[in-house]
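Visitor: Line order of the protein sequences matches chains A and B. For the first sequence, the working numbering begins at -15 and goes up steadily by one. For the second sequence, the working numbering begins at 48 and goes up steadily by one.
Calculated directly from the structure, the hints in this document are not laboratory data. Among the clues, some could well be false.
To give a feel for the contact side, a few chain A residues facing chain B, derived at Cβ under 8 Å [claimed, not checked]: (1) Ala2; (2) Ser34; (3) Val45; (4) Gly51; (5) Tyr54; (6) Thr58; (7) Gly63; (8) Asp65; (9) Val66; (10) Phe79; (11) Phe82; (12) Gly83.
With a Cα cut of at most 20 Å, we get these calculated DMTMM-like pairs of lysine to aspartate or glutamate [what the hints assert, rightly or not]: (13) B:Lys93 with B:Glu342; (14) B:Lys100 with A:Glu73; (15) B:Lys309 with A:Asp114; (16) B:Lys396 with B:Asp350; (17) B:Lys100 with A:Asp114; (18) B:Lys100 with B:Asp211; (19) B:Lys100 with A:Glu38; (20) B:Lys396 with B:Glu342; (21) B:Lys396 with B:Asp211; (22) B:Lys304 with B:Glu262; (23) B:Lys93 with B:Asp211; (24) B:Lys241 with B:Glu342; (25) B:Lys469 with B:Asp211; (26) B:Lys93 with A:Glu38.
C-beta: ideal position from N, C-alpha, C; glycine also.
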Amino acid sequence: MKVLDYLEEWLIATFMAAATVIIFVAVVHRYASGLAIPGLQDWLIGINMSWAQELCIYLFVWMAKFGAAYGVRTGIHVGVDVLINRLNEKVRGRFILFGLLAGALFTSIIGSMGANFVWHLSQTEQVSPDLELPVWIVYMAIPLGSFLMCFRFLQVAWSFLRTGQLPQHDHGHVEGVEEKPEDMLIGEAVEEGEAIEHDPGHKHGGEPGEGRK
Amino acid sequence: MNATIIFVLLFGLMLTGMPISISLGLTVLTFLFFMTDVPTIAVALKLFTGIEKFEIMAIPFFILAGNFLTHGGVAKRMIRFATSMIGHWHGGLGLGGIVACALFAAVSGSSPATVVAIGSIILPAMLKQGFPRPFGAGIIATSGSLGILIPPSIVMVMYAVSTDSSIGALFIAGIVPGLMLAVLLIGTAWLYAKKRHYPRMPRASWVERWQAFRESVWGLLLIIVVIGGIYSGLFTPTEAAAMSAVYAFIISTFVYKDLTIKQLPRVLKDSANLSAMLLYIITNAVLFSFLLTSEQIPQAMADWIIGMGFSPWQFLVVVNVILLAAGMIMEPSSIMLIMAPIIFPVAVKLGIDPVHLGILMTVNMEVGMITPPVGLNLYVASGITKMGLTALSKAVLPWLLVMLAFLMLVTYVPGISLWLPKTLGMM
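In isolation and in its complexed conformation, chain A is listed as follows:
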């Protein structure tokens, strides 16, 4: 189980990074091959980067499918919960369970349809336009991602039944802000202000605190 968790996180982070680097390289390549540097230019023009957009799209679609499953685990998928939060604890629990099972139902249906679809595609010779990958491999993201998501919904539902706990994603939390000792950041801003305030001769000419009206 830990391996699956780890693989999921590792995959989505890698896809994200890869897509960014690819588009960056493609753009740099486009402009660099316009520079008239002998030798380099010919070499750059020789490299075909036209597949970059397609690959970026596929990477993000795969990221989206697996990331959506990861999102179930982190509780990032938002719903309209104003109504059910007003109900009493027991009824609310039933609604939450219903929502989770509906999620499992939906993703399992989509997963099966996707699997069926991929199966039909694998009988054909279709390839993607630029990369010329067999399309069934590309579309594997639907069944794989959906079944994984279904599994996550059931997992969350099970742990909710047992412990009454749901994964909560705090939309207000942004990585990195709390990690720093906040006093340092604030301190700097305030010290800056105070330094000017308490020191009348502080660099500037005008009378302190009495700026424009």
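Once you have looked at the hints, place chain B on chain A.
Guide: Just chain B now, kept in the frame of chain A:
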């Protein structure tokens, strides 16, 4: 009739609190399965092709760029620059906060990120200087919402994707309204602060201003990369987003050194998590609008509204009321994705410009972010200030009223949104 069934089903499912993406998907499946003979296999295909557009990929890139930027350094320097410019006015640090929000909004595409980045630094500083808590919280929660009006903007990308409009034109169109709203918010805060004699900072000298500017210039350059790149045609919006992600990574790691390489996997993972959630809503919203189109519902609604003899301004009143109500209980991306495909065809028939409609809807979403019970900015601000939602809702009231007035202005003066893109020949 079919329309009624679809919407009752959708709202019924949504009110059970299940994820919005799932309720959209289940509505489509249920309806297709029981009421039509559209082969459901088409649905599986749509699930993939729904997000197979390069334009949509701007969203994950902007999220990634935003997450790199919120690592402190850029926001801190922008605040210093902003306060050195107008900190000596009444309510100095507060006004500086609004300007910093506007600057940060011009490099980030999301409102909550703006609130976090600027708010977590400036709010504690304001409290130390003796500003009352509600004043600071109100300022930051409202001006953080500039994040989606001043380009780049994730919500605008969503609108462009669901209506096939030009992302570039929308971004440029957001500039004038964004700046206007920033000025209005500053004006309100200034009047408020003047009346109550809130603290101001000593006037900074031009040397200090220049230093603050030089320090923040790396962050400010990002504005030029994104807006300049898109406007000049150097990059497509998606490429500009990818470039800004790489640029943001470089300045936060190597120039400002706020981000260590060790933190990189976490940032990537968190960005992927948020992007995947939005992309999942998009996929299901594409399914939903496919269902609407195949049942010709937007068409029927357009004919009905025109048949009723609604004039454009009456229609816009209705649109505003619906969007404001939706903004109270849902988050902006979902509203945009569900409502835009419905409103858009009607608006076009009534002769309302698509870009104008996009800006108007974005301003609506901004208001939605600071109205309870569900307002993302309020949640974020309450996390930073440890104020309750009720107290915060009262705190934002003065600025909320200003924003509503501004919404009216944007709704009925299309020139505010359309002048700049027209002058620049983008539409």
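Visitor: With reference to the structure, classify each hint as holding or not holding.
Guide: Comparing the hints with the structure gives:
1. Ala2: 10 Å, violated
2. Ser34: Status violated, d = 13 Å.
3. Val45: 6 Å, holds
4. Gly51: 2 Å, holds
5. Tyr54: Because about 6 Å separates Tyr54 of chain A from the closest Cβ in chain B, which is inside the 8 Å limit, the hint holds.
6. Thr58: Thr58 of chain A check passes; min Cβ-Cβ to chain B is 6 Å, inside 8 Å.
7. Gly63: Hint on Gly63 of chain A: holds, closest Cβ of chain B at ~5 Å, below 8 Å.
8. Asp65: Holds. Min distance 4 Å.
9. Val66: 5 Å, holds
10. Phe79: 5 Å, holds
11. Phe82: Holds. Min distance 6 Å.
12. Gly83: OK, holds: Gly83 of chain A within 8 Å of chain B, min 3 Å.
13. B:Lys93 with B:Glu342: Roughly 16 Å separates the two Cα atoms, so the pair holds.
14. B:Lys100 with A:Glu73: With Cα atoms ~43 Å apart, Lys100 of chain B and Glu73 of chain A exceed 20 Å; violated.
15. B:Lys309 with A:Asp114: Between Lys309 of chain B and Asp114 of chain A the Cα gap is close to 35 Å, so the pair fails against 20 Å, i.e. violated.
16. B:Lys396 with B:Asp350: 9 Å, holds
17. B:Lys100 with A:Asp114: It holds: about 15 Å lies between the C-alpha atoms, which stays within 20 Å.
18. B:Lys100 with B:Asp211: Satisfied, since the Cα-Cα distance of roughly 11 Å is no more than 20 Å.
19. B:Lys100 with A:Glu38: The given pair, whose Cα atoms are some 9 Å apart, holds under the 20 Å limit.
20. B:Lys396 with B:Glu342: Holds, at roughly 19 Å.
21. B:Lys396 with B:Asp211: Holds, because 16 Å separates the two Cα atoms, which is no more than 20 Å.
22. B:Lys304 with B:Glu262: Holds. Lys304 of chain B to Glu262 of chain B sits at ~13 Å (cutoff 20 Å).
23. B:Lys93 with B:Asp211: 17 Å, holds
24. B:Lys241 with B:Glu342: 57 Å, violated
25. B:Lys469 with B:Asp211: 19 Å, holds
26. B:Lys93 with A:Glu38: 17 Å, holds
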